[in-house]
Every structure is written in structure tokens, then in C-alpha cells.
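Protein chains: 2
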Amino acid sequence: MIISNIEVLQVSYISNIVMDSEGHTHPGKEHEAVKKILKITTDNGIVGFSFMDSIHRGIIEEIVKPVLIGENPLYRERIWQKLRPRQRLNRHFNDRTLAAVDEALWDIGGKIAGMPVFQMLGAYRDRIPAYGSIMVGDDFPGGLDTPEAYAKYSIELVARGYKAIKLHTWMPPIIPNPDPKMDVAACAAVREAVGPEIKLMLDPYHDYSRQQALYLGRELEKLDFYWIEEPMNESSMSSYKWLTENLDLTVIGPETADGKNYTRAEWIVSSASDVSRAGDIDVGGITPLIKTVHLCESFNIGVELHGNTLGNLHVLGAMGIPGEYYERGLHHPFLNYEKPMPWFNKIYDEMDNEGFVTLPKTPGMGWDINHDYIAEYSVE
Amino acid sequence: MIISNIEVLQVSYISNIVMDSEGHTHPGKEHEAVKKILKITTDNGIVGFSFMDSIHRGIIEEIVKPVLIGENPLYRERIWQKLRPRQRLNRHFNDRTLAAVDEALWDIGGKIAGMPVFQMLGAYRDRIPAYGSIMVGDDFPGGLDTPEAYAKYSIELVARGYKAIKLHTWMPPIIPNPDPKMDVAACAAVREAVGPEIKLMLDPYHDYSRQQALYLGRELEKLDFYWIEEPMNESSMSSYKWLTENLDLTVIGPETADGKNYTRAEWIVSSASDVSRAGDIDVGGITPLIKTVHLCESFNIGVELHGNTLGNLHVLGAMGIPGEYYERGLHHPFLNYEKPMPWFNKIYDEMDNEGFVTLPKTPGMGWDINHDYIAEYSVE
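Going down the list, the sequences are from chains Y and B.
For the first sequence, my numbering assigns the number 1 to the initial residue and increments by one for each residue that follows.
For the second sequence, my numbering assigns the number 1 to the initial residue and increments by one for each residue that follows.
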């Protein structure tokens with residue numbers, strides 16, 4: 001069995017989400033958008049899919065395709081190790097594109113094996129507690145424009161079943177000068193609204209000074225927050241070592257820092273965070289994410305997974321250390337997260353009223369794909 | 001699907017291998033022996049096997065069985081994480097018994113998936129270069145009694161196809177006072193016999209002083225040896241850090257040190273060896289061995305696998321960093337390694353004339369079991 005084709009499908013759809021100049025998403029006016037879908041086909045007819053954002057089509061055609069065509073799709077480690085060094089000078093070959101390739105291959109592998117990916121890996125659990133991850137703050141009346149707006153929305157999330165909530169607060173371009181005092185006001189309002197039993201986390205502006213981050217962390221300690229993530233530029237690992245030493249509050253990271261599991265190893269030996277962090281989209285797929293998990297486990301260090309991806313769900317289902325939570329969202333009062341994107345028949349992370357997401361039982365990744373939509377709305 | 005039974009089969013056979021008081025094996029008089037085989041059965045009729053030495057039958061019955069019965073055999077991570085803490089006070093629950101359970105479960109998983117274990121993990125390669133691993137020295141005329149005997153036998157191993165050879169030299173109880181000069185004499189004779197192109201490694205007496213180990217390492221550098229392993233008590237990690245700092249020769253370890261991937265992590269951050277070392281039998285199965293590999297990879301540290309097990313072969317087939325070699329043996333002039341044990345129809349590590357072992361292509365672990373023999377020679 002060999003890989004016979006790899007292609008990036010493009011489908012048009014109506015989106016009500018817009019991206020700001022920092023790359024954060026917000027609710028917006030309905031507009032036409034294009035979704036990229038990676039499809040890998042084998043000569044025996046088994047097809048694998050993945051649905052990462054930021055897939056780079058030119059990289060797939062020019063850099064990835066020559067490696068994949070004719071290769072056995074079960075040789076994921078060989079393929080991944082061949083592709084990884086090609087990222088060095090091909091700067092468009094981001095980890096999300098690498099992850100897309102890896103997860104389409106896991107989809108094929110699971111379909112051949114007749115089992116979901118987390119069971120191929122060796123399963124640990126069937127359902128994962130989720131936290132509700134609230135979008136970055138904005139200035140929409142009735143949106144996420146005030147501490148009170150966060151508080152009100154948090155009550156809705158608790159009513160939905162969440163036992164844990166993470167805030168993203170205000171940052172540029174919404175406000176030009178982020179202010180830890182505004183973060184604290186939002187966090188205090190949410191704590192007041194949801195009471196002491198709900199776990200709360202904060203992911204604030206990512207470029208505070210050490211002093212601002214320390215102030216913020218100390219205030220979150222008073223509010224009994226569960227963790228803080230990425231309040232400073234992660235390129236300065238020393239800043240995180242300093243912050244972690246100075247706070248009782250759990251500091252988790254790195255998230256957006258380049259370097260996959262290698263970078264996580266350096267943060268661990270530098271004690272630059274209390275809990276590590278990685279997502280399939282950050283490190284280049286399930287293959288390197290499980291490496292990161294095994295690295296962390298070897299140091300008795302937890303790792304919280306970044307992002308609401310199905311790849312993360314499978315790894316959470318296969319890992320024997322925390323990862324305590326699945327990050328479900330991003331949520332916003334104006335958006336209906338429970339409604340599937342049109343290329344899916346249903347969302348892959350349905351949550352019960354107790355706040356748990358159950359892992360898929362279908363072979364492979366377990367996407368429930370609306371192939372009719374993809375065929376009908378295909379665009380070049 | 002659930003696990004319905006786990007049992008330790010015992011079969012009698014005629015062995016010509018004996019164990020000395022230190023636990024090392026040698027050729028010996030033919031005698032009746034008993035082999036333990038672990039068998040896990042599922043309610044849908046799929047059966048997994050493993051063939052570790054040192055399986056503890058009482059531990060399987062009393063400690064393992066209650067965890068396994070009724071559990072889904074694909075939940076390897078959950079099972080492993082439940083069993084591991086039970087080793088703490090159950091001192092008979094050794095890592096080989098844990099490994100036996102884990103690998104019988106991988107056998108079941110691969111059979112369900114219809115693919116060999118290394119492809120479930122995500123394959124990297126189909127064949128592995130092997131080194132010929134020579135037994136510990138002895139005092140048998142024509143055996144491994146002199147440097148010249150090692151030299152003569154090494155020429156045979158090279159003729160067999162090996163491009164690399166590892167010596168185990170003389171140690172108690174064969175000689176009461178091990179002497180690095182004797183190791184050097186054997187190593188020099190082998191180097192002289194096989195020429196400069198064959199890679200050579202040494203695994204000498206395991207309780208030398210720092211000074212003896214340093215002397216030995218320096219001499220091996222002159223003989224262009226590829227690595228040295230475990231010349232001192234591994235409980236003293238500081239001794240290995242000291243030796244590694246002082247030698248150019250590659251020091252690999254730890255091998256017999258307890259603590260699985262956790263211990264390997266500590267050796268890495270302490271720079272206590274140049275290359276890590278672990279075998280499925282040392283760390284408790286394929287599940288923790290792949291964790292160890294991922295740990296090492298995250299630090300760009302190689303890991304050479306210990307022992308001639310099929311579990312190691314599968315992990316070697318799935319790992320993208322060295323592990324450069326499969327350890328094939330132990331070899332001795334009096335023994336025919338190519339002849340299968342009677343519970344197998346053929347050996348699992350046949351080697352071609354170029355010195356490569358090809359991974360099994362059959363689903364699961366890929367044992368080729370002589371079930372008739374097991375049925376006929378079963379003993380209580």
C-alpha cells in the first residue's frame with residue numbers, strides 16, 4: 001500500500017468570524033471565506049483527511065508531495081522525520097501544515113487498523129473534562145467589552161456544564177496599551193460570578209513586562225486562579241524561569257514558542273514553567289505531541305494541550321499524566337460553538353452537561369465529514 | 001471486547017544454557033528447564049503472547065490479573081499506569097513481568113489492527129543493523145577463555161555478516177578479581193583480528209572503580225572502540241558523569257539501573273552518559289520504552305536498546321533517532337543461536353549476510369509459535 005495522492009481541497013463557506021491584526025479571532029459580519037482541507041489518498045482507496053487552519057498549499061505541492069507519493073502511509077515516523085528538516089529554510093512550512101500531513105496519515109492508519117487513533121496509541125480514558133475557553137476581549141456592547149460582560153457570560157458557560165473556564169482578556173489592536181489591572185478586574189468579576197468551585201485560568205496579553213506579569217500573577221493568586229499562561233514573550237525563557245520562581249500560581253508554557261518537543265525539553269530542565277504546554281498545531285502533529293507528552297511524563301511534569309483540535313483529544317485519550325483538560329472553544333456570546341462547520345455533519349467535541357467531551361469511537365481520526373458539501377462548494 | 005483471562009503457561013524443554021551466581025549465562029550441560037509464557041485471552045478469541053524471562057507467576061495471579069480481567073486490551077496506557085505503582089512495595093513485581101504483560105497486550109492490539117506493532121507505533125524502517133553480542137567470558141577450552149578465543153570467534157561472527165561486535169569479558173564468579181588489563185587484552189586481540197572497519201563495543205565487569213574504568217576507556221580509545229557500557233555500579237550516577245566528562249569514548253547507560261524512563265531523564269540532565277540505554281525488559285515493556293525514546297529524542301540524545309527481544313526490534317523499527325543497532329545474541333562458540341527455542345517455529349531475529357535483521361510483517365508481535373510443542377510439553 002502506498003500513498004498515491006495528496007491534495008489541498010478548498011471549499012467556500014459563510015463565516016462570521018474575523019481575524020484581527022494580531023491574529024486573534026472575533027465575531028464579525030458574515031462574509032465568504034475559504035477553508036483548506038488536506039486529503040491523502042492511498043492506492044487501495046483509503047483516504048485520510050485533516051482540517052488544520054493555516055495549511056500552506058504551495059508547501060504541500062512542492063515540499064511535501066515528493067516525500068509522500070509512493071511512501072507507505074503507515075511509515076509516519078519516517079515521513080515526519082523527513083519533513084521536519086525541510087522546515088528549516090522553507091519558512092512557510094509551518095507546524096500547522098506539518099500537523100495536517102501527520103494527522104491525515106493517522107486518519108489513514110486508524111482506518112486501516114479499524115480503531116480510533118487514541119486506541120492505536122494505547123488508550124488511557126474515554127472522556128476528557130473540558131474548560132470553556134473564552135475569546136479575546138473586544139469592544140462590542142453585549143460582547144466581551146467589560147468585566148461584567150465576562151462575568152455574565154461565565155455564568156452561561158457554567159450553566160452549559162463547564163467546571164472550568166479560561167479567559168483571554170483585552171489586548172491590541174482592541175486596546176493599544178494592555179493593562180494588567182483590566183485583566184484583574186475581569187478575573188475578579190468572573191470569580192465573583194461563578195463562585196469558588198469553578199476552576200479559572202487566564203491567558204492575557206502576551207507581551208507584558210516581568211513586573212506586570214508578576215503583579216498579575218499575585219492578583220490571580222488572591223482570586224484562587226488555577227493557572228496563568230503566556231503573559232510575556234516566550235522567546236525570553238529566562239523571564240518565565242524568573243516568573244515561575246516568584247509565583248505560587250501555576251505558570252504553564254511554552255505555547256507559541258517554536259521548536260516542538262525540543263523547546264519543551266529546555267523549558268523543563270530550566271524550570272521555566274510549572275506545567276508544560278503544547279498542541280498538535282504547535283509542534284507539528286500527533287506524532288511530536290505524543291513525544292512531548294512522553295518527555296514531560298519522564299520528568300513528572302504535566303502538559304496542558306493547546307487548542308480545540310481532534311488531534312489533541314486523541315492524545316488526551318492516550319496520555320497517562322495530566323493533560324487535565326481539553327480546551328473547548330473559543331467561545332463568545334455572539335457565536336454558537338455547538339453548530340458544526342458546514343464541512344462536518346457534527347462537531348467532533350460535543351460536550352455533555354457535566355463538562356466532559358467523549359472521544360470518537362469510529363476508526364481513524366473520527367471526523368464526521370459532509371462530503372456533499374465539500375463537493376458542492378469546492379473552489380479553486 | 002474485554003480481557004477474559006491471563007495465565008502463565010509453563011513448558012519443559014532441554015536447555016544447554018546455565019546461569020552463574022551473578023546472573024550471567026554460559027553454555028552448560030543439557031538439563032531439563034521450564035520456560036514461562038504469558039498468555040492473555042480476550043472474550044472475542046484474540047490471544048496475545050509474550051516470552052520474557054523472569055515472569056513472576058504469583059505476581060501475575062495476585063497483582064496483575066485483578067487489573068486486567070474485564071479491561072479493554074487496547075487500553076494499554078491505562079493498564080500500564082495502574083500496574084506501575086503496584087511495583088513499589090511488591091518487590092517481586094519486576095520490570096520484566098510488567099514488560100511481559102505490556103507486550104502480550106501489544107500482540108493483541110496488533111492482531112486486532114492487522115498490522116505489526118512497529119507499524120502501529122508509526123514505522124520508520126524495516127530492517128535494523130545488528131551487532132553480535134558475545135557472552136561473558138569463561139574458562140572453557142575453545143570457549144571464551146582467552147583473548148585469542150575472542151579473536152577467533154570474532155572472525156566467525158564477521159564471516160556470518162556482522163559489521164559490529166560487542167564483547168562481554170571476564171567477571172565473577174569466573175574470575176574473582178576482574179582486571180581491566182584482561183579486558184584490554186581481549187579487546188586488542190579482537191581489533192587485531194577483525195581489522196579497522198568493524199565497530200567494536202565493550203560491556204565489561206560492572207563494578208570497577210572510577211580509576212579502573214577510566215584506564216579501560218582510555219585503552220579502548222586507542223583501539224578505536226565505538227562505546228563502553230556499564231563498567232561501574234550504575235547506582236552511582238555521579239561516577240558516570242565523571243567518566244563521561246573524562247573520556248572521548250562514548251559512554252552509554254544506564255542499563256540495569258531501576259526507574260524506567262524517569263531514571264533516563266535524570267542521566268540526561270546530569271550528562272551522565274553520551275548515549276542513553278534501555279530495553280523493553282529494563283523499563284517494563286514497549287509502552288515505557290517508546291517513552292524513553294521520545295525523551296531522548298527531545299534532547300537529541302541517542303538510545304541504544306538492550307537485549308535481543310522482539311519488543312526492542314519493534315521499537316527500533318519505529319524510532320527516528322538512533323538506536324543504531326539491534327543487540328543480537330548472546331553468542332558463544334558452543335551455542336547455535338540460529339536454532340529456534342522449541343516453543344517457536346523459527347527465530348524472530350533472523351539476520352541476513354549483510355548483518356541486518358528484518359522486522360516481522362505479521363500482525364501483532366509476530367511470534368511464530370509452535371503451539372503443538374507448548375501443548376505437549378506443558379507442565380504445572
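It is possible that some hints are incorrect.
Copies of the same chain are indistinguishable here, so a pair counts whether it falls within one copy or spans any two.
With a straight-line cut-off of 27 Å between C-alpha atoms, the simulated DSSO-like cross-links for lysine-lysine are [unchecked claim]:
1) K163 / K111
2) K39 / K241
3) K361 / K111
4) K199 / K39
5) K152 / K36
6) K361 / K346
7) K241 / K199
8) K339 / K82
9) K241 / K181
10) K181 / K346
11) K361 / K82
12) K65 / K111
Please keep in mind that the hints were generated in silico from the structure rather than gathered at the bench.
From a predicted model like this one, the values you see are computed outputs, not experimental measurements.
Each hint, compared with the structure:
1. K163 / K111: neither (34 Å within a copy, 40 Å between copies)
2. K39 / K241: neither (41 Å within a copy, 49 Å between copies)
3. K361 / K111: both (11 Å within a copy, 18 Å between copies)
4. K199 / K39: neither (39 Å within a copy, 45 Å between copies)
5. K152 / K36: Neither, since 35 Å and 64 Å both go past 27 Å.
6. K361 / K346: Result: close within a single copy only, 14 Å intra versus 37 Å inter.
7. K241 / K199: Answer is within; shortest intra-copy Cα gap is 24 Å, inter-copy 43 Å.
8. K339 / K82: neither (38 Å within a copy, 38 Å between copies)
9. K241 / K181: within (23 Å within a copy, 49 Å between copies)
10. K181 / K346: neither (40 Å within a copy, 72 Å between copies)
11. K361 / K82: Between copies only: 23 Å across, 31 Å inside.
12. K65 / K111: within (21 Å within a copy, 31 Å between copies)
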